[in-house]
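Visitor: Residue-level listing of the chains:
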Amino acid sequence: MTTPTSDPRQEALAALALGTLPDDERAAMASWLATDAVARAELQALRESVAAFGLMPPQVDPPSSLRARVLAVTGQPVGEVTPFAPRPPHAAPVAPSRLAWPAWWLAAASALLAIGLGAYAWQLRGRVGTLESSLNETSIRLANADAEIRTGRARLVRARAETSILSAPDLARVDLAGQKTAPGAIARAFWSRAQGLVLTGARLPDLPRGRTYQLWVLTSGAPVSAGLFTPDASGGVSVVFETPVSLPAPTGMAVSVEPDGGVPAPTGDIILAGTKVAD
Amino acid sequence: MWLLFALAADDGGAPPHQREADLDAMRRMGSGEAAGLAELYDRHGRVMFSLAFRIVRDQGDAEEVVQDVFAQAWRQASRYETARGVVVAWLLMMTRSRAIDRLRMRRGRPPLQEDDPALLRDLSDRSVPADVLMLSAEQVASLRAALDALPESQRLAIELAFYEGLTHTEVAERLEQPLGTVKTRIRLGLLRLRAAIGEAGA
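Residue numbers (the numbering used here), protein chains in the order written: chain A, 496 to 774; chain B, 1368 to 1569.
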């Protein structure tokens, strides 16, 4: 899945467009963008995509009371605000001589009809109101269901990845034991060249803000980073990493504590370490 | 944008272009006319509420977000520069960043602008592309279809970054995927969505 790109700044363009690029990376991006028209064009395309993303959520009607609360900021009575006021009807002048009794009768009948229609309209409005509120409830339920489905899908994606690793014919296993800074910690990793790496662990200590755990694959050469992870509140972890097919066969694995974002080579305390279990 | 076009069409005979109408509403708000605000609310309140609700998942919070954004628009209307681009894009970006701040506050995390003063707020003010929200119904449909067609992991990564304001590193941790993979997925996914808008608009 990982497509290597020649310039890591290219990957950071998306974060810039999403407004999530950490501050300390922005200056370097600005100077690059100032000189590279291709990068500017890509940033523009990414920004357009991000802006349009605001239209993707399922549409839900706000409650009708919200309008008045929004308009209260103006300090002007809401009743005076009529942006789409219908034009006043053109009253046709009526010649007084035509108001003889058939006309009077007609006016009375019209009034009665208007009252009847008004009552009917009122009834319809009530029904529409009920329908609208039940539609809103349904929309909200749908939006919540949508969120649950996405969470479920995330779990499914991970479970599928775990299954494909654990059933791989070239499976290798590494048992990792807690080191002196966290003697109680324990973990086990499974690796397949074709499928990737799954790590499960328990009793990992909480990390201070700004620190993360980083998993290292120990090879005959320098340690290779498999990725970063954060344990759950109970200190447990179950994580899948996609490792490059070119990764040399692991002789062991280790977990260290590193600054947020990770480092190219281990620098912090080693929390867990272990060697490959013989086949 | 489908909603905008529908409402503009209701306005009766040859409505001014949506973009012009919004700018005109902002100008009137700038001179203290509440009707300008009412007009913007009637046109865009629903899409803003839907975005806020999708992010905060709570009706009361979503309402407050929409209220805050319109209050800010009312206060800043007289200083609004047309160079900032389409008003609705500005409103939606403010909605997103305020909703994300609320989400972070609820989780006991500082709002984004305190962590990184230049992040989302800066983006909402200066970086909104000029014409992107003038999308036709076909373009919106095509965008949705393209989003649905993305691989799950790619779509989830983009959604976490967009709806929760997570950095690439945080997305990688949440999805328990390597950072490099997540970065590539988000970039390629967004570019694919942009291509979908272009194809439908061609």
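Think of the hints as simulated: they come from the structure by calculation, not from any bench.
Keep in mind that a hint or two might mislead.
A few chain A residues that don't get close to chain B, going by computed Cβ distances all over 10 Å [to be verified]:
id, residue
1, A509
2, A510
3, A540
4, A546
5, A604
6, R645
7, T658
8, G722
9, F736
10, D764
Computed footprint of chain B on chain A, listed as stretches where at least three residues anywhere in the stretch have a Cβ under 8 Å from a Cβ of chain B [as the list claims (entries may be wrong)]:
id, stretch
11, 513-520
12, 615-629
13, 749-760
Sample of chain A residues at the chain B side, in silico, Cβ under 7 Å [to be verified]:
id, residue
14, W527
15, L528
16, A529
17, A547
18, Q554
19, E632
20, L666
All figures in this text were calculated on a predicted structure; none of them were measured in a lab.
Every residue gets a Cβ at the ideal spot worked out from N, C-alpha and C, and that includes glycine.
Visitor: All hints are to be evaluated individually against the structure, with a verdict given for each.
Guide: Verification of the supplied hints:
Consistency note on A:A509: stated as away from chain B, yet its beta-carbon is not over 10 Å from all of that chain's, at 4 Å minimum. The Cβ of A:A510 does not lie farther than 10 Å from every Cβ of chain B; its closest approach is about 5 Å, which violates its non-interface assignment. For A:A540, the requirement that its beta carbon stay farther than 10 Å from each beta carbon of chain B is not met, with the minimum near 5 Å. Annotated as non-interface, A:A546 brings its C-beta within 10 Å of a C-beta of chain B; the closest such distance is 4 Å.
No beta-carbon of chain B is positioned within 10 Å of the beta-carbon of A:A604; the least distance is around 32 Å. Taking the minimum C-beta to C-beta distance to chain B, about 7 Å, the non-interface status of A:R645 is violated against the 10 Å cut. The claim that A:T658 is not at the interface with chain B holds, since no C-beta of that chain comes within 10 Å of its own (minimum 15 Å). Interface exclusion of A:G722 from chain B breaks down, the closest Cβ pair being 4 Å apart, not more than 10 Å.
Not every CB of chain B lies more than 10 Å from the CB of A:F736, the least distance being 5 Å, so the non-interface label is violated. Once the 10 Å rule is applied to beta carbons, A:D764 is consistent with being away from chain B; the minimum gap is 19 Å. Chain B is given as covering the stretch 513-520 of chain A, and this holds because 6 residues of the stretch bring a CB closer than 8 Å to a CB of that chain, at least three being needed. Chain B is given as covering the stretch 615-629 of chain A, and this is violated because 0 residues of the stretch bring a CB closer than 8 Å to a CB of that chain, at least three being needed.
Counting residues of the stretch 749-760 of chain A whose beta-carbon sits less than 8 Å from any beta-carbon of chain B gives 3, enough to reach three: the coverage restraint holds. Hint status for A:W527 relative to chain B: violated, with the closest Cβ pair at about 15 Å, above 7 Å. At its closest, the beta carbon of A:L528 sits 12 Å from a beta carbon of chain B; the interface hint therefore is violated under the 7 Å criterion. Evaluation of the A:A529 hint against chain B yields a violated restraint, the C-beta minimum of about 15 Å exceeding 7 Å.
With a least beta-carbon distance of about 6 Å to chain B, the hint placing A:A547 at the interface is held under the 7 Å criterion. The beta carbon of A:Q554 is positioned within 7 Å of a beta carbon in chain B (closest approach about 5 Å), and the interface hint is therefore held. Look at A:E632: its Cβ only gets to about 10 Å from chain B, farther than 7 Å, so that hint breaks. Using the Cβ-Cβ criterion of 7 Å, the hint placing A:L666 at the interface with chain B is not satisfied: the shortest such distance is roughly 19 Å.
Going down the numbered hints, you'll see the structure goes against 1, 2, 3, 4, 6, 8, 9, 12, 14, 15, 16, 19, 20, while the others check out.
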